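Start from the sequences, fold in the hints, and give me the full structure.
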Amino acid sequence: MARTPRETEEPKPLPFELLRDFGNQVAEAYGLVFTLPDDLRAIYVKFGIDLARGNGDGTWRLPVPARFVIDRQGVIRAVDADPDYTRRSEPAHTVRILNELRDTPSGKERS
Amino acid sequence: MALQEKLDAMREMAKTRIPPEARAVMERSIEDLRASGIMSRVARVGQSAPDFALPNADGRSVSLAGLQARGPVVLSFYRGRW
Numbered sequence: 001m002a003r004t005p006r007e008t009e010e011p012k013p014l015p016f017e018l019l020r021d022f023g024n025q026v027a028e029a030y031g032l033v034f035t036l037p038d039d040l041r042a043i044y045v046k047f048g049i050d051l052a053r054g055n056g057d058g059t060w061r062l063p064v065p066a067r068f069v070i071d072r073q074g075v076i077r078a079v080d081a082d083p084d085y086t087r088r089s090e091p092a093h094t095v096r097i098l099n100e101l102r103d104t105p106s107g108k109e110r111s
Numbered sequence: 001m002a003l004q005e006k007l008d009a010m011r012e013m014a015k016t017r018i019p020p021e022a023r024a025v026m027e028r029s030i031e032d033l034r035a036s037g038i039m040s041r042v043a044r045v046g047q048s049a050p051d052f053a054l055p056n057a058d059g060r061s062v063s064l065a066g067l068q069a070r071g072p073v074v075l076s077f078y079r080g081r082w
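If you read the protein sequences in the order shown, they are chains A and B. Position one of the first sequence corresponds to residue 1 (my numbering), numbered consecutively onward. Position one of the second sequence corresponds to residue 1 (my numbering), numbered consecutively onward.
Zero decoy hints are in this set.
Among chain B residues calculated to face chain A with C-beta under 10 Å, some are:
hint, residue
1, Leu7
2, Gln47
3, Phe77
Calculated from the structure, these hints are not laboratory results. Predicted, not measured: the structure shown is a model, and the values here were computed from it. Backbone N, C-alpha and C define an ideal beta-carbon position, used for all residues, glycine too.
Have a look at this one:
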């Protein structure tokens, strides 16, 4: 059967980098890492989730989901993190922060 | 729709599939994590962002320093499934 162009097309590259933080080392540097308690591990195992295996490092560690905005000088300009993994940064809010950063590139609080 | 509205819907949906005992443990673990003081250790506004170099999807090393030279960086930490 003939393939449609769509099927033979290369997947579009992501417009952002997707990085692998093996061992949660960078998450650790940002202060985000915690170890799951035993009772929670037992539940995940029952759900068929083997985090130690998925992590590939034998640990039951995870980062608190977090979003940082970092300026060109490497200074953290915004932080949004919540221990509740069902609460995430709103993308529109992040865009607003980036726009503000563009309008005041030198950074008021750093001068 | 805002992302959080979608996530709220996912959370409510998940509640119907997870047994109450399991849900209680999951919810308590979030509160315990909050009470652990972890948030006071998270990198703060005004601090220098710890530099790093990590492999991307192609296995190429990507550094924060390299990214920030091109413009402001949005750094998002997430975990599988959620």
